[in-house]
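Asks: Let the hints inform the model, and build the full structure from the sequences given.
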Amino acid sequence: MKDPLVMAHVNMWAVLRTLEPLCELDDSARSLASPRRPVSIGINVRGGPQATLSFQDGACRMTRRNTGQIKLLLPSPEDFNRMVDGEKNPLPYAGFPRLGFLLKNFTALTDLLSAYLRPQPSDLEDRGFFERSTTLLFYLVAGALAAVANNDPLGRISAAAIPDGTIALEIQDGPCAEITARGGHLITRRRKAVSPRAYMIFSDFDAARGLFDGTLEAMSALAAGKIIMKGYIPMIDNLNRVLNRVPVYLQ
Amino acid sequence: MNTYTYPKNDELLQRAARHIPCGVYGHQGPAEGCFIPIGAFPKFADHAKGSYFYDVDGNRFLDYMCAYGPNILGYCDEDVNAAARQQMELGDCITAPSYKMVELAELMCDTVACADWAFFAKNGGDVTTLSILAARAATGRKKIIFVRGYYHGVAQWTQRADAPWVLPGEVENNLLVDFNDIEGLKRVIEENKDDIACFISTPYMHGNFVDNVLPAPGYWQEVRRLCTENGIVLIIDDVRCGWRLDLAGSDHYYGFEADLLCLCKGIANGYNVSCLCGKDFLRGAVSSITYTGSYWMSAVPFAAAIACINKMKAMDGAQRHLELGRKVCDALAAAARENGVNLVISGEPCLFYLRIADDDSLLLHQEWIAEMVRRGVYLTNHHNHFTNLSLTDEDIAFTAQVANEAFQVLRSRHPEIYQG
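Sequences listed follow chains X and H, in order.
The end of the first sequence is residue 385 by this note's numbering, with every number in the run present.
The end of the second sequence is residue 631 by this note's numbering, with every number in the run present.
Just so you know, the hints here were simulated from the structure itself, not pulled from any lab data.
Remember, it's a predicted structure, so these values are computed and weren't measured experimentally.
Careful, some of the hints might be misleading.
Claimed, not checked - Using C-beta positions, here's what the derived DEER-type ranges look like:
id, chain 1, residue 1, chain 2, residue 2, range
1, H, E300, X, P297, 45 to 55 angstroms
2, X, P381, H, A366, 43 to 53 angstroms
3, X, S210, H, Q239, 45 to 55 angstroms
4, X, P209, H, I393, 46 to 56 angstroms
5, H, Y310, X, S337, 55 to 65 angstroms
6, X, P297, H, P232, 24 to 34 angstroms
Even for Gly, the Cβ is constructed at its ideal location relative to N, Cα and C.
Replies: Next up, the structure:
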């Protein structure tokens with residue numbers, strides 16, 4: 135069952151956070167994230183997560199505070215989720231001079247993100263697009279892992295069983311994420327893991343894509359060497375339980 | 212020393228993956244079996260004899276996993292196989308069960324200290340599940356006390372609520388205590404007064420990924436007392452340890468008596484039969500449960516089990532297992548010491564658990580195990596190992612030689628850890 139509050143955390147810390155790498159990977163995104171003066175959007179979900187997205191010099195950065203110039207208030211997690219799904223327009227209550235960025239650039243950025251995360255099959259025939267799309271999916275899943283582990287009731291059971299330490303999540307010769315577990319709480323960072331205690335490595339972009347799309351079954355991929363797991367396996371075993379819950383929120 | 216390659220194994224695994232979920236599922240497969248890296252391990256056997264198995268590439272392995280326990284006398288033991296062959300000629304799966312079932316039940320009750328009766332099935336999980344059903348039927352209570360880090364099979368009641376195939380209601384009556392923690396057990400009993408059907412545990416903690424823990428002096432006697440005083444059925448899951456420590460049961464080995472004892476792996480030297488032994492007061496509860504399977508009364512495994520038990524008795528098998536286990540552990544410990552590697556060996560010697568403790572990620576351990584396997588000594592990464600009675604001193608010397616070489620490989624790869 136999809137819990138609206140968990141969904142709101144996934145939308146914030148996985149979906150919207152993926153705007154950061156989008157601006158690094160895509161030229162048009164970089165352009166959209168280059169306002170004449172820095173712009174920040176604070177998102178306050180009542181009873182849910184709060185964050186600020188800052189756009190400057192072609193880069194996007196998310197912070198865990200609601201300090202944006204443009205302030206968006208979402209009355210409930212359900213409202214926020216509808217906003218992310220494009221079914222509801224948010225009502226800003228501050229930052230009116232910069233609304234143009236919100237209405238044009240931000241909307242174009244989220245549309246672009248959707249195009250990468252829910253691509254047309256024909257788009258994936260372009261290898262460059264395929265790898266960018268898979269990279270963004272990788273970061274989306276990495277972010278969702280922490281959001282689900284920290285908020286979903288079943289995810290929390292799995293997270294509580296993850297021994298403390300750092301897990302390296304990687305696509306070989308591709309994107310990396312560091313997932314740190316401490317007392318059953320997970321934090322995802324978009325970087326190569328420092329001193330990991332366990333590794334989950336996809337052998338290439340195709341293996342990662344197959345797993346994310348559900349066309350590749352994890353255990354068979356493991357048997358075929360398309361996913362490499364090593365180190366302190368109880369960390370990976372329990373992270374995989376969380377990974378099993380992620381599609382509930384991302385489908 | 213040459214290291215093995217596995218072209219035919221790998222080709223077969225690809226074929227398997229096309230038609231079998233996971234290729235090889237469960238503990239004998241690359242995923243749950245922790246084949247790290249996958250390329251170091253054989254995936255398919257061709258044949259086995261004594262202490263060795265041979266893979267489809269013709270590589271020979273001195274096998275310390277013993278099919279994860281069942282190989283207790285040695286693969287293809289001639290006496291057990293002869294009994295099985297003889298029974299095969301007479302009939303195996305027949306409409307009426309063979310009289311061999313009665314003979315085996317009598318032998319089990321003569322052999323196992325706590326057994327007033329014996330109930331046969333196929334796998335360990337069949338009888339651990341029956342033990343829970345029996346405890347609930349007998350007590351009218353619903354809660355089960357487990358020891359943290361337990362493994363009692365794969366049925367839903369053994370799982371956690373976060374397993375995608377488990378409904379929360381199937382595990383909502385599961386309680387946890389730590390092994391050797393009498394105060395914790397008392398607390399759980401007090402908090403769930405009159406609602407606990409059973410306490411289920413292995414005779415000692417032989418969990419995976421962690422050093423194995425033996426019972427503290429007096430632990431089991433106090434558990435027994437608490438269970439008796441509170442009307443809790445005491446179930447010992449002896450599926451893994453059974454027969455290797457004591458033919459009378461591992462509860463007998465540790466000086467107490469279980470109400471229900473689950474046996475499987477060692478009973479028939481690899482022929483498929485499991486057994487729940489129990490006290491008289493639970494006979495009626497077990498009789499009342501509808502519980503059966505198509506092959507549970509097959510006669511060949513019964514004949515094999517009778518031959519296996521009699522041979523184990525004749526050889527003083529459990530004592531011999533302990534002696535062999537000590538020799539293997541001593542040899543591995545000496546090789547580690549000579550190479551400056553901190554190898555922790557825990558658990559009972561005939562079920563030894565290994566862990567290189569020089570890093571907390573177990574990566575060094577996984578590297579060493581891979582080098583052992585590539586050189587023909589089959590160990591597994593994070594599960595306890597098993598002895599079998601066909602092991603010889605030459606086999607153990609070979610183990611030490613391979614261990615020494617594998618440690619040297621580890622040292623040469625990691626000068627930052629193993630200096631000098």
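Asks: Go through the numbered hints given earlier and state which of them the structure violates, listing their numbers in rising order.
Replies: Result: hint 2 breaks, nothing else.
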